[in-house]
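Protein chains in written order, with the numbering used here: chain A, 1 to 195; chain B, 196 to 262.
It is worth saying that the hints were derived from the structure and are not from the lab. Here the structure is a predicted model, which is why all the values come from computation and not from measurement. It cannot be assumed that every hint is accurate.
25 Å max Cα-Cα, derived SDA-like pairs, lysine to any residue [to be verified]: (1) A:Lys70 x B:Leu253; (2) A:Lys70 x A:Arg164; (3) A:Lys70 x A:Ala97; (4) A:Lys70 x B:Arg221; (5) A:Lys70 x B:Asp240.
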Amino acid sequence: VAIMAERARGHGRTSLTVALLVLTGAAMLSGALVFAAVAEAGTLFPPLSRGLVAFVVSAVLISAAFSREKPVQWNAETPGSWLEQENLLVAVWNGLALGAGFVTRLGFWLWWVLPLMVFETAAGPDGLLVGAAYGLTRVGLSSVGAATVYWLHSDVVARATSARRHQATLVADFLFFCAAGIALVVAARITGARF
Amino acid sequence: MSFSGAEPGRVRRSAGRAVEARAPDRRARSTAALAAGIVATAALDLPPLPAALAIAVLVGVLQQGLP
Chain A
1 VAIMAERARG HGRTSLTVAL LVLTGAAMLS GALVFAAVAE AGTLFPPLSR
51 GLVAFVVSAV LISAAFSREK PVQWNAETPG SWLEQENLLV AVWNGLALGA
101 GFVTRLGFWL WWVLPLMVFE TAAGPDGLLV GAAYGLTRVG LSSVGAATVY
151 WLHSDVVARA TSARRHQATL VADFLFFCAA GIALVVAARI TGARF
Chain B
196 MSFSGAEPGR VRRSAGRAVE ARAPDRRARS TAALAAGIVA TAALDLPPLP
246 AALAIAVLVG VLQQGLP
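The shape of chain A in the complex, shown without the other chains:
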């Protein structure tokens, strides 16, 4: 994020604050739109079908995560052409990609529970909220880290938020299966099952 923000400043034509705000805002917008679209897709199904679809997707995700630790993801690097631009478009494109999530490295199976759960809610505003929260956390936290490095010459935020990969995977794995269990029961309830 620090490199993107520096490129986005375009040799000082724009302030770092503006570059980071554009980056974070684009991520929130993109996350909100993607997850709102998924939530709206849920409204296209009657409750029984929606519950069955969600149940099957939950089961497939659980089965896939049991068999392999690495999630299904698009292993894409930030295109060099974006970084060559050296203007705010760098921040816009990167923010949109990071906020959408699935067009970048996900790192953990846990991400896949998000579209599943907003599909279950079948409410556009809920999708907007979840997507904006995801974009804000993913990019906003990195932006705060980049800002503290730039202004305070301290990497304390960046180091605190960059958990060791192995520990992060353990935590994310545990949370994924908990969340998948929640999604499974919610899906069953949507179909009308009572227990």
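Could you slot chain B onto chain A? The hints should help.
Frame of chain A, contents of chain B only:
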């Protein structure tokens, strides 16, 4: 990753004998987490939106360490 450095489910040779990676550990943890999620939702009637919001924030935080 396991204590032996081998990927879960794979086998690594060490001092002439096979060392099983800790795939069963992960399966046991995962099964326990899955059961916890199912039981908690069934017992407490957890709604999906607060769970999705919490997960959105947690994923965002955990992804900070991604290359």
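Each hint tested on the structure:
Restraint check: the Cα-Cα separation between lysine 70 of chain A and leucine 253 of chain B comes to about 18 Å, which is no more than 25 Å; the hinted pair holds. Proximity of lysine 70 of chain A to arginine 164 of chain A is assessed by CA-CA distance (about 16 Å); at most 25 Å being required, the pair is judged to hold. The hinted pair formed by lysine 70 of chain A and alanine 97 of chain A meets the criterion: a straight-line CA distance of about 20 Å does not exceed 25 Å. Using a Cα cut-off of 25 Å, the hinted pair lysine 70 of chain A and arginine 221 of chain B holds, with the two alpha carbons roughly 13 Å apart.
As the CA atoms of lysine 70 of chain A and aspartate 240 of chain B are separated by approximately 31 Å, the hinted pair breaks the 25 Å bound.
Consistency note: the structure conflicts with earlier hint 5 alone.
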